[in-house]
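2 protein chains.
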Amino acid sequence: MAKSDNGTRGLGRLMIIGGGEDRSEGKEILTRFVELCGGPQASIAIVTAASTLHEEMREIYDRAFAELGVTRRPALALKNREMANDQACAEKIYECDGIFMTGGDQKRLMAVIGGTLVAAAMHRALREHGTCIGGTSAGASAMSEHMLSDGKSGGLPQKGTTQVGAGLGFLRRVMIDQHFSERQRLGRLLSAIAANPYLLGVGIDENTALIVELNSGLEVLGQGAVTIIDGREVMSNLPDVSTADPVELINVRMHLLRPGFRYSVHGEEQQGRKVSPALEQIIPIVTNFHQ
Amino acid sequence: MAKSDNGTRGLGRLMIIGGGEDRSEGKEILTRFVELCGGPQASIAIVTAASTLHEEMREIYDRAFAELGVTRRPALALKNREMANDQACAEKIYECDGIFMTGGDQKRLMAVIGGTLVAAAMHRALREHGTCIGGTSAGASAMSEHMLSDGKSGGLPQKGTTQVGAGLGFLRRVMIDQHFSERQRLGRLLSAIAANPYLLGVGIDENTALIVELNSGLEVLGQGAVTIIDGREVMSNLPDVSTADPVELINVRMHLLRPGFRYSVHGEEQQGRKVSPALEQIIPIVTNFHQ
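Residue numbers (this note's numbering), protein chains in the order written: chain A, 21 to 311; chain B, 21 to 311.
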């Protein structure tokens, strides 16, 4: 396993995927995930706890990672909390170079692994030996402390129409949404951010990934966009209107990042382009800098 | 006709409707249009030049305004440029208290009336005796100097996929889009604003209207939202990418105004709520203040 050379950076990466990533053709995103785990010699665990179709989900990703040359793909059934609280299982998770959380339902994922020994082992693996944690769709939503767990698609923001729950907490001040452009989820993310302006909204499109290098940098790859909603200066009527009423939002800042975007707070990877101060200011928040 | 009591305010209003307004039931928006024209005693001209279905379009609005008690609904056929350059027709338009432009195709509307005597008469009526000019769908898009004339719906911003043309110029520094949430047009408006950051994007939903009181104020009514895109501080890769490439946008400011929103630069109509400086700053631009 790759050990960090100092205590402040390079400690683990998250790959947050908006669902629908290519698993059979070029596999751009999964290929990069394997690289971030250390290449084909890495051991990669597949966590299917978000789904009820454990075998089917496992098979899809097991085949994809096998096709990418990964031979160590430990079988770790996490179908219920008993399994997720099994000490041996937690130790196996901790030893992995990569952990990949599939789609399904983020509420189910959290109900099964939230607060368990396995969840604690994932945190330790991420922070102690740079394990890469990937998640797609439901597995993406669960990455942050505050999780968008449910909400209406396709509309404008409405008070009280998005539900929030406790996520895994790898990131602390963001709220993630997935299938973002495809399912027209801007309205529900704006609702969530209007109600929780302390958080940054991060909407990730299908077959698109945001790589977060903790305390360090961001990168986007894939086909769509990563939409960041910064509501810290928003003025909203939310406190004054009733449930299901339309929400007015003044002064949302929005950033639309595209594949190829790459930024490091340490400055080595900026591609020579000037970065907006408004974006530079939020990158430390997204990457959990100094937390 | 209502004459202005001084030279700086109250000179004409625009009602910019995002299409699909209620024309048969409560008619909230059209009722307000009639009020802004001066009530049932007003004379209201219906301009169908955006459409090829002149009689059908005229009949729909003629019936709606009749049901609202308007008896003076002068018949003004504007099927081609000859008609739009007819002196008698232009004089009739100038005398009206209200002018309503129906939907259809904004390119057709401009090809027929752009630069004609009728268009000039509309400008004079708006500025000299406070005529209210309404437009829905295509009729909304044509209100501004720079007109979004075509573009792909439903996607993320892509370079070169929106077309811009010369509009009627009642507003100068905005670009209007309509059927905004319903047809998922955020992407195309962002494309247009990335290419023209001097302009503010104004996206209006169906059955929703933005009332612009020139040099003075804004109001929103109806059912959806008015989305304002302020790209003046945007950093974008647009100059550096090829046609049809994805566009990255950093630091878009967005305001989502809702029915009930009302603001006057003269301060009498702010409903007691504090207004964000970011919004206050752009209202003079939208209302053509001091131009």
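Quick caveat, the hints were computed from the structure, so don't treat them as lab data. These numbers were taken from a predicted model, which means no experiment stands behind them. Be aware that one or more of the hints could be misleading.
[Said to hold, decoys possible] Calculated Cβ distances over 10 Å to all of chain B for the following chain A residues:
{"#": "1", "residue": "T51"}
{"#": "2", "residue": "G58"}
{"#": "3", "residue": "S201"}
{"#": "4", "residue": "E268"}
{"#": "5", "residue": "R273"}
{"#": "6", "residue": "F281"}
{"#": "7", "residue": "S296"}
{"#": "8", "residue": "A298"}
[As the list claims (entries may be wrong)] In silico lysine to any residue, SDA-like type, Cα no more than 25 Å apart, as pairs:
{"#": "9", "chain 1": "A", "residue 1": "K179", "chain 2": "B", "residue 2": "K179"}
{"#": "10", "chain 1": "A", "residue 1": "K127", "chain 2": "A", "residue 2": "N257"}
{"#": "11", "chain 1": "B", "residue 1": "K179", "chain 2": "A", "residue 2": "A298"}
{"#": "12", "chain 1": "A", "residue 1": "K179", "chain 2": "B", "residue 2": "S296"}
{"#": "13", "chain 1": "B", "residue 1": "K99", "chain 2": "B", "residue 2": "K112"}
{"#": "14", "chain 1": "A", "residue 1": "K172", "chain 2": "A", "residue 2": "L137"}
{"#": "15", "chain 1": "B", "residue 1": "K172", "chain 2": "A", "residue 2": "H199"}
{"#": "16", "chain 1": "B", "residue 1": "K179", "chain 2": "A", "residue 2": "Q204"}
{"#": "17", "chain 1": "B", "residue 1": "K172", "chain 2": "B", "residue 2": "K112"}
{"#": "18", "chain 1": "B", "residue 1": "K179", "chain 2": "A", "residue 2": "P279"}
{"#": "19", "chain 1": "B", "residue 1": "K47", "chain 2": "B", "residue 2": "E202"}
[Unchecked claim] Residues from chain A that face chain B, not an exhaustive set, calculated with beta carbons under 10 Å:
{"#": "20", "residue": "L176"}
{"#": "21", "residue": "V184"}
{"#": "22", "residue": "V254"}
{"#": "23", "residue": "T263"}
{"#": "24", "residue": "A264"}
Even for Gly, the Cβ is constructed at its ideal location relative to N, Cα and C.
Outcome of the hint check:
Even its closest Cβ contact with chain B, about 20 Å, leaves T51 of chain A beyond 10 Å, as expected for a residue assigned away from the interface. Distance check for G58 of chain A against chain B: the nearest CB is about 30 Å away, which clears 10 Å, and the non-interface claim stands. Listed as a non-interface residue, S201 of chain A fails to keep its Cβ farther than 10 Å from every Cβ of chain B; the least gap is roughly 6 Å. Chain B draws E268 of chain A into its interface by the beta-carbon criterion, the shortest separation being 4 Å against a cut-off of 10 Å.
Not every CB of chain B is more than 10 Å from the CB of R273 of chain A (nearest about 6 Å), against its label as outside the interface. Not every beta carbon of chain B lies more than 10 Å from that of F281 of chain A, the smallest distance being close to 6 Å; the non-interface claim is violated. S296 of chain A, annotated as away from the interface, has a beta carbon of chain B within 10 Å; the closest lies near 4 Å. The Cβ of A298 of chain A does not lie farther than 10 Å from every Cβ of chain B; its closest approach is about 4 Å, which violates its non-interface assignment.
Proximity of K179 of chain A to K179 of chain B is assessed by CA-CA distance (about 34 Å); at most 25 Å being required, the pair is judged violated. With a C-alpha separation of about 29 Å, the suggested pairing of K127 of chain A with N257 of chain A is violated against the 25 Å cut-off. Proposed proximity of K179 of chain B and A298 of chain A is supported: the alpha carbons are some 23 Å apart, at most 25 Å. For the hint linking K179 of chain A to S296 of chain B, the alpha-carbon distance of about 20 Å falls within 25 Å, and the restraint holds.
Between K99 of chain B and K112 of chain B, the direct Cα distance comes to roughly 16 Å. Compliance with the 25 Å bound is thereby established for this hinted pair. Note on K172 of chain A and L137 of chain A: the hinted pairing is violated, with a Cα-Cα distance of about 33 Å set against a maximum of 25 Å. Of the supplied pair hints, the one linking K172 of chain B and H199 of chain A holds, its CA atoms being roughly 20 Å apart against a limit of 25 Å. The suggested pairing of K179 of chain B with Q204 of chain A holds, with an alpha-carbon distance near 21 Å, which does not exceed 25 Å.
Proximity of K172 of chain B to K112 of chain B is assessed by CA-CA distance (about 38 Å); at most 25 Å being required, the pair is judged violated. About 15 Å separates the Cα atoms of K179 of chain B and P279 of chain A, which keeps this hinted pair within 25 Å; it holds. For the hint linking K47 of chain B to E202 of chain B, the alpha-carbon distance of about 20 Å falls within 25 Å, and the restraint holds. Here the hint on L176 of chain A is kept, as its CB sits about 5 Å from the closest CB of chain B, short of 10 Å.
Taken as an interface hint, V184 of chain A does not check out: its beta carbon lies about 20 Å from the nearest beta carbon of chain B, beyond 10 Å. Interface restraint check: V254 of chain A against chain B, minimum CB-CB distance 8 Å, threshold 10 Å, status holds. About 15 Å separates the beta-carbon of T263 of chain A from the nearest beta-carbon of chain B, more than 10 Å, and the hint is not met. The closest approach between the C-beta of A264 of chain A and any C-beta of chain B is roughly 13 Å, which is over the 10 Å cut-off, so the hint fails.
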